[in-house]
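Undergrad: Sequence:
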Amino acid sequence: MLSAPMLDQYVILVTTILLAGVGALMSLSSSSVYAQSLNLGPYYFALRQLLFLAIGGVGALVAARLGERLLRGFGWVAYCGAVLMLLLVFTPLGSDAGKGNRSWLALGPVTLQPSEFAKLAAILVGSIYLAARREDLGQFRHLAIYLGLYGVVIVMVVAQGDLGTALIIGAVLIAQMWAFGIRKRYIVGLLAAAGAVVAAAVVTTPYRMQRITLFLHPEADPEGSQQPLSAIYALATGGWWGTGIGGSRQKWGGLYDGAQNDFVFAVLGEEMGLVGTLAVLALFTLLVWAGIRVAMRSRSQFRRILAATITAWTAIQAMLNIGVAMKLLPVVGVPLPFISIGGSALIANLVASGILLSCARHEPAAEEYRDASRRSGPPRVTTVVDGGRRE
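Using my numbering, read the sequence shown as starting at -14 and increasing by one per residue.
Quick caveat, the hints were computed from the structure, so don't treat them as lab data.
You can trust all of the hints, since none of them are fake.
Have a look at the derived ranges for each label pair, beta carbon to beta carbon: (1) 28 with 349: 44 to 50 Å; (2) 232 with 81: 29 to 35 Å; (3) 96 with 208: 27 to 33 Å; (4) 311 with 94: 32 to 38 Å; (5) 72 with 51: 22 to 28 Å; (6) 206 with 144: 25 to 31 Å; (7) 66 with 24: 33 to 39 Å; (8) 267 with 189: 38 to 44 Å; (9) 203 with 124: 47 to 53 Å; (10) 359 with 259: 42 to 48 Å; (11) 205 with 169: 38 to 44 Å.
Using 20 Å as the maximum straight-line C-alpha spacing, the simulated EDC-like pairs for lysine to aspartate or glutamate come out as follows: (12) 312 with 204; (13) 312 with 206; (14) 312 with 242; (15) 312 with 208.
In this text the structure is predicted, and so the values were computed from the model without any measurement.
Glycine included, C-beta positions come from ideal geometry on N, C-alpha and C.
Generate coordinates for the entire structure from the input sequences, incorporating the hints supplied.
TA: Next comes the structure, spelled out in structure tokens:
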């Protein structure tokens, strides 16, 4: 079974559909209370999420059919578009969407978070650049250009006050460099520099320092640490089988607006229990496993880097979100892929899965299987010869 030529495609497709389905279900359950508190009706966020799911699904289907040449062109267009949207956040079109960070674009009734699209755009252009200059990256000048492509995005995201998203992009950069095989001394040096910058950003910003303090000493401010503690209560209350869909108690108070994004895994655990959380973890594990197989089996250097980095992005972001919900990490404010409320994140995740599916379709075994299927198709009947005798 593991050697089946189409296995990776099926695993990526099925796990993405199931995770998106769980996300659609949880969008209704986790957001209903918060929506009503805003006098928007219990289905407001859920219906918006379904709309974004449809848009992202179409985008995934289109991305899955793109060849390498079109993916390369799409990468540069996406990067330029993402940078432009990040710049527009600093204009009157920018908004904090009530979250504190000025990270959104308000375009009439539609609100977008450009940094979510910038993650995928940076992955694409990084893969394009690395694949095109494999022999040149020993020279610092070419490596500096590559780091600059990511640096432009990271600097603008940090300037918007979104350190959590910047950390994700930085982690993806490190994963991409490691997957490509860039010299370890460059990676270690970049890690050291990034650690110093992040430490400075935390120490010089009171609310970020407060998150670290509350993580280490939640008893110092019970009100400030209410959401992380409520997430633990939710997971503990769920037991084996959970309280049932819609039965979460913590979303009515303790988790408040975090129930639908940063702490959606806690609501999922409370309503679906340990069995439900393990099932979701198994789906992410299968998706990451298939992504690694695609990266290892790809003949194209570009697809190899791209598949590995998209897989790393999904794994890193899922681990960070789940780690926060389980109080293993301080609050960093990143969504759970496919499941948290957020149209920009959902569309970006689905398109990324479509690109991963495109890479899987071009595995050597998959291409050989499709070619053999075309050659050995059912015989075509061109004439019917009646050999019977007529009288």
